[in-house]
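*Asks:* Sequence:
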Amino acid sequence: MKVFQGLLLLTAVSSLVACAKSADVGTPEQNTSGLCGSQTVLDYNDVILKCDYFLTEDDVRTCKSKANGFLAKYPNMSCKAQRDGKEQTVDTSEIRKIVEKITAAGY
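Residues in the sequence shown are numbered consecutively from -4, following the numbering used here.
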């Protein structure tokens, strides 16, 4: 249970940067002005939602799987997105931290 509580804290902090859709011009990862593409935002939010909290060990494994899938698709992504009218940087380092913590906890 202690492991779940530690992982819960990690993901609760990460979910604060979930983003809204941005203009979709350029690559799927990023448009020409450095904003995240809409598919990137959808994929990022999917990881954050799956990793928002854990009730079971299956939840932890699902989170790790989603996070690893995101990293495989966007290995070095960094782009800007809007959340509550404020621009924020979204990059793979946050997702890597989630995977590292889950792996360190033995999953």
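Derived by calculation from the structure, the hints in this document are not laboratory data. It cannot be assumed that every hint is accurate.
[As the list claims (entries may be wrong)] When the alpha-carbon atoms are kept at most 20 Å apart in a straight line, the in silico EDC-like pairs for lysine to aspartate or glutamate are as follows:
#1 Lys96 with Asp41
#2 Lys61 with Asp79
#3 Lys68 with Glu52
#4 Lys45 with Glu89
#5 Lys45 with Glu95
#6 Lys81 with Glu95
#7 Lys75 with Glu52
#8 Lys75 with Asp86
#9 Lys45 with Glu82
#10 Lys61 with Glu82
#11 Lys96 with Asp79
#12 Lys81 with Asp54
#13 Lys96 with Asp86
#14 Lys92 with Asp47
#15 Lys81 with Glu52
#16 Lys81 with Asp53
#17 Lys92 with Asp41
#18 Lys75 with Asp41
#19 Lys45 with Asp86
#20 Lys92 with Asp54
#21 Lys68 with Asp41
#22 Lys61 with Asp47
#23 Lys96 with Asp47
#24 Lys61 with Glu95
#25 Lys61 with Glu89
*Asks:* Look at each hint and say if it fits the structure.
*Replies:* To see whether the hints hold, each was checked on the structure:
{"no.": "1", "hint": "Lys96 with Asp41", "in the structure": "holds, 18 Å"}
{"no.": "2", "hint": "Lys61 with Asp79", "in the structure": "violated, 25 Å"}
{"no.": "3", "hint": "Lys68 with Glu52", "in the structure": "violated, 25 Å"}
{"no.": "4", "hint": "Lys45 with Glu89", "in the structure": "holds, 14 Å"}
{"no.": "5", "hint": "Lys45 with Glu95", "in the structure": "holds, 16 Å"}
{"no.": "6", "hint": "Lys81 with Glu95", "in the structure": "violated, 28 Å"}
{"no.": "7", "hint": "Lys75 with Glu52", "in the structure": "violated, 32 Å"}
{"no.": "8", "hint": "Lys75 with Asp86", "in the structure": "holds, 9 Å"}
{"no.": "9", "hint": "Lys45 with Glu82", "in the structure": "violated, 23 Å"}
{"no.": "10", "hint": "Lys61 with Glu82", "in the structure": "violated, 25 Å"}
{"no.": "11", "hint": "Lys96 with Asp79", "in the structure": "violated, 28 Å"}
{"no.": "12", "hint": "Lys81 with Asp54", "in the structure": "violated, 30 Å"}
{"no.": "13", "hint": "Lys96 with Asp86", "in the structure": "holds, 17 Å"}
{"no.": "14", "hint": "Lys92 with Asp47", "in the structure": "holds, 14 Å"}
{"no.": "15", "hint": "Lys81 with Glu52", "in the structure": "violated, 35 Å"}
{"no.": "16", "hint": "Lys81 with Asp53", "in the structure": "violated, 34 Å"}
{"no.": "17", "hint": "Lys92 with Asp41", "in the structure": "holds, 16 Å"}
{"no.": "18", "hint": "Lys75 with Asp41", "in the structure": "holds, 17 Å"}
{"no.": "19", "hint": "Lys45 with Asp86", "in the structure": "holds, 17 Å"}
{"no.": "20", "hint": "Lys92 with Asp54", "in the structure": "holds, 17 Å"}
{"no.": "21", "hint": "Lys68 with Asp41", "in the structure": "holds, 13 Å"}
{"no.": "22", "hint": "Lys61 with Asp47", "in the structure": "holds, 12 Å"}
{"no.": "23", "hint": "Lys96 with Asp47", "in the structure": "holds, 14 Å"}
{"no.": "24", "hint": "Lys61 with Glu95", "in the structure": "holds, 13 Å"}
{"no.": "25", "hint": "Lys61 with Glu89", "in the structure": "holds, 13 Å"}
Taken one by one, the earlier hints fail for this structure at numbers 2, 3, 6, 7, 9, 10, 11, 12, 15 and 16, listed in ascending order.
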